[in-house]
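Novice: This is what each chain is made of:
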Amino acid sequence: MQNLLGYIARRILALLPVMGIVATIVFFLIHLIPGDPASVLLGPNAAPSDVLKLRAQMGLDKPLYHQFLLWFSNALQGDLGDSIFLGRSVTRSILERAEPTLVLITLSSIVAILIGIPAGALAAVRPNKWLDKALMFTAILGVSIPTFWFGIMLVDLFSVQLNWLPAAGYSSITSGIWANLRYLILPALSLGFNQSALIARICRSSMLEVMQQDYIRTARSKGLAESLVILKHALKNVMIPTVTVIGTTFAVLIGGAVVTEIVFNIPGIGLLIMNSVLRRDYPVIQGCVLFISVAYVLINLLVDVLYAYLDPRVKY
Amino acid sequence: MKRKFVGPVMLVLVAAFIIFSWNTLGAAEPKTGGSLKVAMIGEPPSLDGHWTTATIVSIISHHYLEPLFTFGDKYNIIPMLAESYKIGAGAKVYTIKLRQGVLFHNGKEMTSADVVASLNRWGKIATVGKRLFSQVESLKAVDKYTVEFRMKGPSGIVLPSLANVNQLPGIYPKEVIDEAGDGMVKQVIGTGPFKFVERMPDRYIKLGRFDKYVARSEPQDGFGGKKIAYVDEIQFLPVSEVATRIAGMESGDYHFADRIAPDSYKRLKENPKLDPIIVRNGEYIVHVFNKKMGLFTNQKLRQAALAALDMEAIMKGAFGQKEFYELDNSVVGLKESIWWTDVGKEQYNQKNKEKAKRLLQEAGYKGETIRWICSMQYDFHYKSALVAKQQLEDVGFKVDLQVLDWASLVQRRNDPAIYEIFTTAMIFYGDPTQVLQLNCDWPGWTCIPQVETLMNKLAQETVFEKRLGTWKEIHKIYWDEVPVLQCGNYFVFRVKQRTIQGNKNMIEPFYWNVWIEK
Numbered sequence: 001m002q003n004l005l006g007y008i009a010r011r012i013l014a015l016l017p018v019m020g021i022v023a024t025i026v027f028f029l030i031h032l033i034p035g036d037p038a039s040v041l042l043g044p045n046a047a048p049s050d051v052l053k054l055r056a057q058m059g060l061d062k063p064l065y066h067q068f069l070l071w072f073s074n075a076l077q078g079d080l081g082d083s084i085f086l087g088r089s090v091t092r093s094i095l096e097r098a099e100p101t102l103v104l105i106t107l108s109s110i111v112a113i114l115i116g117i118p119a120g121a122l123a124a125v126r127p128n129k130w131l132d133k134a135l136m137f138t139a140i141l142g143v144s145i146p147t148f149w150f151g152i153m154l155v156d157l158f159s160v161q162l163n164w165l166p167a168a169g170y171s172s173i174t175s176g177i178w179a180n181l182r183y184l185i186l187p188a189l190s191l192g193f194n195q196s197a198l199i200a201r202i203c204r205s206s207m208l209e210v211m212q213q214d215y216i217r218t219a220r221s222k223g224l225a226e227s228l229v230i231l232k233h234a235l236k237n238v239m240i241p242t243v244t245v246i247g248t249t250f251a252v253l254i255g256g257a258v259v260t261e262i263v264f265n266i267p268g269i270g271l272l273i274m275n276s277v278l279r280r281d282y283p284v285i286q287g288c289v290l291f292i293s294v295a296y297v298l299i300n301l302l303v304d305v306l307y308a309y310l311d312p313r314v315k316y
Numbered sequence: 001m002k003r004k005f006v007g008p009v010m011l012v013l014v015a016a017f018i019i020f021s022w023n024t025l026g027a028a029e030p031k032t033g034g035s036l037k038v039a040m041i042g043e044p045p046s047l048d049g050h051w052t053t054a055t056i057v058s059i060i061s062h063h064y065l066e067p068l069f070t071f072g073d074k075y076n077i078i079p080m081l082a083e084s085y086k087i088g089a090g091a092k093v094y095t096i097k098l099r100q101g102v103l104f105h106n107g108k109e110m111t112s113a114d115v116v117a118s119l120n121r122w123g124k125i126a127t128v129g130k131r132l133f134s135q136v137e138s139l140k141a142v143d144k145y146t147v148e149f150r151m152k153g154p155s156g157i158v159l160p161s162l163a164n165v166n167q168l169p170g171i172y173p174k175e176v177i178d179e180a181g182d183g184m185v186k187q188v189i190g191t192g193p194f195k196f197v198e199r200m201p202d203r204y205i206k207l208g209r210f211d212k213y214v215a216r217s218e219p220q221d222g223f224g225g226k227k228i229a230y231v232d233e234i235q236f237l238p239v240s241e242v243a244t245r246i247a248g249m250e251s252g253d254y255h256f257a258d259r260i261a262p263d264s265y266k267r268l269k270e271n272p273k274l275d276p277i278i279v280r281n282g283e284y285i286v287h288v289f290n291k292k293m294g295l296f297t298n299q300k301l302r303q304a305a306l307a308a309l310d311m312e313a314i315m316k317g318a319f320g321q322k323e324f325y326e327l328d329n330s331v332v333g334l335k336e337s338i339w340w341t342d343v344g345k346e347q348y349n350q351k352n353k354e355k356a357k358r359l360l361q362e363a364g365y366k367g368e369t370i371r372w373i374c375s376m377q378y379d380f381h382y383k384s385a386l387v388a389k390q391q392l393e394d395v396g397f398k399v400d401l402q403v404l405d406w407a408s409l410v411q412r413r414n415d416p417a418i419y420e421i422f423t424t425a426m427i428f429y430g431d432p433t434q435v436l437q438l439n440c441d442w443p444g445w446t447c448i449p450q451v452e453t454l455m456n457k458l459a460q461e462t463v464f465e466k467r468l469g470t471w472k473e474i475h476k477i478y479w480d481e482v483p484v485l486q487c488g489n490y491f492v493f494r495v496k497q498r499t500i501q502g503n504k505n506m507i508e509p510f511y512w513n514v515w516i517e518k
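Chains U and V, in that order, give the protein sequences. Letter 175 of the first sequence, counting from 1, is numbered 175 in this note's numbering, and no numbers are missing. Letter 95 of the second sequence, counting from 1, is numbered 95 in this note's numbering, and no numbers are missing.
Bound-form chain U, shown alone (with noise of 0.2 Å):
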């Protein structure tokens, strides 16, 4: 226990270069686009003196290592800045929309997992027979529909068609969970479905290979019934490197599903970053980033504890 709570703290300590380097560089790239914020700002019909009248007032016209050493010595104190754009700080504006994001990926990872374990676990006890043709073929398919497109044919049918569902839009949990469910579910799905292929072939693999194992063998001859050699024995050794999948899909997606959320229009960190950068919301982007690369650095943290407990052999 002290050798892992030795291991978690390293890596956390390690956390701290990574995001100064990161912060360094995104800080940098952005400056570099061409565009800034006090155009967006004013708009398209703006005079040219007033925009640079504006980008002097926000302090855009002094040198780069300037507002670099200004913006890191705030950072350092845990202050963000304020966005350019929302009225509000950027540790707000991000902590606004940690909520539907992280509850979207959630929802999509339990998908995800609901439908690729299940499919590649099937997919390996019965190798090239049609179910695992069919079921790998549907992962294929799964990794190569764009989630947008699949995402639009979801609100055609259940929304529009149907109109079981809203076509878009976010309810926050503290609203009720119900009206909190009716707004994912078709995110969820759109997301869920393109997770779980790669979760399925991942599982598929995996579970050809232990079932390969000596251990399997001794449990069969031990008389034991297949599920309980599949569930009880296979299944745990596989759930490493499906574990592994998940995290990383899952810390991805904490900025990656911008798809999803223009399709939904749900109001996550994914589309908040996309619209930053496209208004140059210089503090909300490199703010949105740190947090991104965080939550990255943490989930891998918690799925490589995990290890510790899926497989009693890893010792930190």
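Be aware that a few hints might be false.
Said to hold, decoys possible - Pair by pair, the computed Cβ-Cβ distance ranges are:
| hint | chain 1 | residue 1 | chain 2 | residue 2 | range |
| --- | --- | --- | --- | --- | --- |
| 1 | V | K273 | U | L228 | 49 to 59 Å |
| 2 | U | V252 | V | K504 | 39 to 49 Å |
| 3 | U | V252 | V | N456 | 58 to 68 Å |
| 4 | V | K504 | U | S73 | 26 to 36 Å |
| 5 | U | F72 | V | Q361 | 52 to 62 Å |
Derived by calculation from the structure, the hints in this document are not laboratory data. Glycine included, every Cβ here is placed at the ideal spot set by N, Cα and C.
Chain V: place on chain U using the hints.
Specialist: What follows is chain V alone, placed relative to chain U:
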């Protein structure tokens, strides 16, 4: 007809009349209540009506902010917060009496102090305001309900400027202006029929009925007249993806959606629950020449480009269906406007490749590459540029079309060293002195001394017929000089639920006098 049938037939006719009257009268009678959901193209950059030229801000701020004057049905200028006005001393003094008893959303009565503070601020920030205030000697409060503009010379642009739709000269309480300083207003308070309730960025902007709204007594007239907030609240929902706006309308999640793609028109027209609305709003596509440096400082080269273009093909390529565009050479692109003119139409839509090639040769063009910047963020900008590019290449131009995101384009168009043409769209102009593409400061840099002299004359003239005459002179020069390639007017596609009644389709949508039929 046999007598025995007369009775039953009369009974049927009377019953039909009653049912018809009931339905007709029932449908016409406004109903209060409900939450109106409006799907917008995105999140507004602010809620400060003075601050930005972004149309989405003026659409929303029109509901809580009101100006002294506004536009009626025929885009004529009518009073809004003004009660009356007097022009004196050779059009150098404008005395405006304010309506009394008009309340702000914080309960305070609007007075001349609020008007002076608001307009002084607007005059420093807004493009149209700055042009007006360059002519203003002083703006002062004469008494509690009267303000006076003293101009440096005779002026014909005071009322059109104060009625400006975009970057609205709305009236805020003085303390809100004082609190704002050089920045944006921190409180969203006006005199409009709706008051600001809440903003959750990227989710909604909520406005609620202002119960103490003091309406004008005249019937609704364009943006003015009597305004009634029938609905309890309006939710402006930023929905950037057009497919999502369409799906939301079809599923009934939204009551209104703005800026829908024309290619869904046929499908939405067949939907019995929806009313598609095509609005002529005075907008048109322009491809603007860089006249500060480079190739297109040469007028003949600009004329060559204009001669080559087939505007029908360009507009069809950009919009697809005829219902969504029209060919028109008027710089004020709305036929309903008193400023509409077709002077110079012989230069428009020439489709004359031979003339273009000849002019190209006369201009001394040696095959230099023309860098053309446009954005796909508005797909019709890109499509029109693509078609025009092909037409120019057919006569010998060499074009490099560079596609950027909108923020990059808006920045890059300010640097004359890096492009020859950029694509944008122009909005409705309430007065020709507001035309941006004839402005020497605006990207493109149309600096024609004769035009500047005539524009000053136009600004100082007060008699409409004389102003129109001057404007027509400018219009002729515009089509001779070719500062831009003006392609044609396009129309905005909006959709509403059939249950929505009372809406008026002006150049910008608004939702007072609108109710939800249950």
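Novice: Taking the Cβ atom of F72/U and the Cβ atom of Q361/V, is their distance within the range 52 to 62 Å?
Specialist: holds, 58 Å
Novice: Could one say that the CB atoms of K504/V and S73/U fall in the range 26 to 36 Å?
Specialist: Given about 53 Å between the Cβ atoms, the range is violated.
Novice: Taking 39 to 49 Å as the hint, is the beta-carbon distance of V252/U and K504/V inside that range?
Specialist: Distance hint for V252/U, K504/V holds at roughly 48 Å.
Novice: The hint says 49 to 59 Å between K273/V and L228/U; measuring C-beta to C-beta, is that right?
Specialist: For K273/V and L228/U the Cβ distance comes to about 56 Å; the hint holds.
Novice: Would you say the C-beta atoms of V252/U and N456/V sit inside 58 to 68 Å of each other?
Specialist: This hint holds: roughly 60 Å between Cβ atoms.
When the structure is compared with the earlier hints, a violation turns up for hint 4 alone.
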